[in-house]
Amino acid sequence: MREKDRKALEALARARPDALDPTRLAGSARQQQDLTELMSVQSVRSTKRRVVARRRVLVPAVGLAAAAAVAVGAVAVGVGQNRGTQTAANPDGHLMLLTMAESVQNQATSGNYWQYQTQTQNLSLIRPADPGTQPYVVADIAQNNWSLGVKPGEQSLMVSNLNDKRGPWTAEDTHRWMMAGSPITVLVDDGYGKDARNELAIKIGGDQPVVDRTDYGAKIAAVGPDNVNYDYLHSLPTDQTALAQTFAELYGKSRGKGIDDQADWMFTQISGLITLPVSSGVRAAAYRILADLPGITSLGTVTDPLGRTGVAVALPPMAAGDLGQQQQQLVVDPNTNTILSQQTVLVAPSALATQAGMKAGTIVNYTATTHIGWTDQQVALPTTP
Amino acid sequence: MRDAQLFRETYEQCYPSVLAYATSRLGRSTGEDITSEAFAVAWQRWDDPPSVPLPWLLAVARNLISELRRKDAKQYELAVAQGRRISTEVGSDDIAEDVAERTTVLRALASLPDADRELLTLLAWQGLSQRDAARVLGCSTATLAVRLHRARRRLDRALGGTPDQGSSREQHSLAAVKEP
Numbered sequence: 000m001r002e003k004d005r006k007a008l009e010a011l012a013r014a015r016p017d018a019l020d021p022t023r024l025a026g027s028a029r030q031q032q033d034l035t036e037l038m039s040v041q042s043v044r045s046t047k048r049r050v051v052a053r054r055r056v057l058v059p060a061v062g063l064a065a066a067a068a069v070a071v072g073a074v075a076v077g078v079g080q081n082r083g084t085q086t087a088a089n090p091d092g093h094l095m096l097l098t099m100a101e102s103v104q105n106q107a108t109s110g111n112y113w114q115y116q117t118q119t120q121n122l123s124l125i126r127p128a129d130p131g132t133q134p135y136v137v138a139d140i141a142q143n144n145w146s147l148g149v150k151p152g153e154q155s156l157m158v159s160n161l162n163d164k165r166g167p168w169t170a171e172d173t174h175r176w177m178m179a180g181s182p183i184t185v186l187v188d189d190g191y192g193k194d195a196r197n198e199l200a201i202k203i204g205g206d207q208p209v210v211d212r213t214d215y216g217a218k219i220a221a222v223g224p225d226n227v228n229y230d231y232l233h234s235l236p237t238d239q240t241a242l243a244q245t246f247a248e249l250y251g252k253s254r255g256k257g258i259d260d261q262a263d264w265m266f267t268q269i270s271g272l273i274t275l276p277v278s279s280g281v282r283a284a285a286y287r288i289l290a291d292l293p294g295i296t297s298l299g300t301v302t303d304p305l306g307r308t309g310v311a312v313a314l315p316p317m318a319a320g321d322l323g324q325q326q327q328q329l330v331v332d333p334n335t336n337t338i339l340s341q342q343t344v345l346v347a348p349s350a351l352a353t354q355a356g357m358k359a360g361t362i363v364n365y366t367a368t369t370h371i372g373w374t375d376q377q378v379a380l381p382t383t384p
Numbered sequence: 000m001r002d003a004q005l006f007r008e009t010y011e012q013c014y015p016s017v018l019a020y021a022t023s024r025l026g027r028s029t030g031e032d033i034t035s036e037a038f039a040v041a042w043q044r045w046d047d048p049p050s051v052p053l054p055w056l057l058a059v060a061r062n063l064i065s066e067l068r069r070k071d072a073k074q075y076e077l078a079v080a081q082g083r084r085i086s087t088e089v090g091s092d093d094i095a096e097d098v099a100e101r102t103t104v105l106r107a108l109a110s111l112p113d114a115d116r117e118l119l120t121l122l123a124w125q126g127l128s129q130r131d132a133a134r135v136l137g138c139s140t141a142t143l144a145v146r147l148h149r150a151r152r153r154l155d156r157a158l159g160g161t162p163d164q165g166s167s168r169e170q171h172s173l174a175a176v177k178e179p
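These protein sequence lines are chains A and B, in that order.
Okay, so the first sequence: first residue is 0 according to numbering that gives the first Met the number 0, each after it adds one.
Okay, so the second sequence: first residue is 0 according to numbering that gives the first Met the number 0, each after it adds one.
Note that these hints are calculated values from the structure, not bench results.
Among the clues, some could well be false.
As the list claims (entries may be wrong) - Cross-link-like lysine-lysine pairs, in silico, DSBU-like; alpha carbons within 35 Å at most: (1) A:164 with B:70; (2) A:202 with B:73; (3) A:218 with A:252; (4) A:164 with A:218; (5) A:218 with A:202; (6) A:202 with B:70.
Keep in mind the model is a prediction, meaning the values are calculated, not measured.
Using the sequences and the accompanying hints, generate a full structural model.
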């Protein structure tokens, strides 16, 4: 560089306004928030779409605890409402969970990878900009494979968006979508306000599968606000009271970053814990904690979104977003002691939801577990098209 | 496969510089949105991360800014005015030291064409090498050297220095060079 050029640049460098000094710009709340949002979105192709699996609380460590905190925040029900402390646990649900707790204790554990496969579906309500056009529902359905490498050096992988399909939900929704001009990109209002930041553009059609590496050092899973390693999962207390105490502390730590209601938080966290590579004793304690959650009720025998028969427990319905009252449900298989589906169900649809064709009983989103267990074989990667 | 850990490190490392650049072009608020988008794009393409990420990220941010200009000229103009203001004024909170000199330099910078200011600040404020700045601006290193020389001479003139010979011809030739 010529001497004069160099000197001019030096003078310029000294004159830089402080407002443009990178060291002063580092570490803003926005910086953290953006990263968290970015990393909690699994799709490679369109980061702006709402991702179904975000509803799952225990995001195997796509990195930092912050990601988990937002995952919690993304759960559709229970934000910012107090429920009080009902204690009337329905005897059916209570007994069923306790029975499961008994039999789960004898399950064997070994393998290099803990894997589970899920199918997720998420319904989004679309309000076309043109006031003369009817609201409609877009469904996004995909499969995901999670593989947690529990031995040192093994990778943890999340294969998501397998067979991703996104489009109008019913024939009527297809009709309305066409009346709206068959837009390829639609804006989803997440129901928590008119702030443009809450609007997510999603594309009709579907995304390509995505592979993400989810281990972060030795940390392979998120529990509450923390990312944890396999040793942590393995050393969780098997005593119900002690485990509940551990989670009460985690709840205290994560307060203000997600779900405020403790029972709601516990329900999602404990449901997630059951899907992680914990000892059968911990899983048993987890079922006992669920059974004792304030306000939990049994819904008896139900059919899950994939048509499998199971028994469901639920938290009391809560108002959430624009759709109306919704309820968190957990469907388990008492024969195999495994989770079938974690889902959010519309209990009392709002006028808007009704107008869009949603009814009481509509499953707004679900994560159905289709396989769970140990293996020595790393998950198969999708072939790139 | 995307390496999330590498992305986090890159994010931590480069975010402030990308934000500084975007803010200098469009002000803080729009600058933050552009920075956010730039990293979203980066994460989308993280299957094949660049070995030197900052120039690449800045180039992405720069493209997004061009896109904004095409899509929403009005918002772009408003944001550019903010960027111009923030990058040519010593802030009231700034350390008082050298304020007079800094004010003079920034005033001179303000009088330059946007393209000159962008080029000079990429080098002086973002600390890019000429090669990396060329990558951001999408031109060859040789072209960049020429543009730098001219921009610096215009800065000198704005600072009240002696104009170099042949400046009128040079200005004429520069007017013909449209920014990409």
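Hints, one by one, checked against the model:
1. A:164 with B:70: Given that 35 Å is the threshold and the Cα spacing comes to 30 Å, the pair holds.
2. A:202 with B:73: OK: residue 202 (chain A) and residue 73 (chain B) at ~27 Å, within 35 Å.
3. A:218 with A:252: holds (19 Å)
4. A:164 with A:218: holds (31 Å)
5. A:218 with A:202: It holds: about 33 Å lies between the C-alpha atoms, which stays within 35 Å.
6. A:202 with B:70: holds (20 Å)
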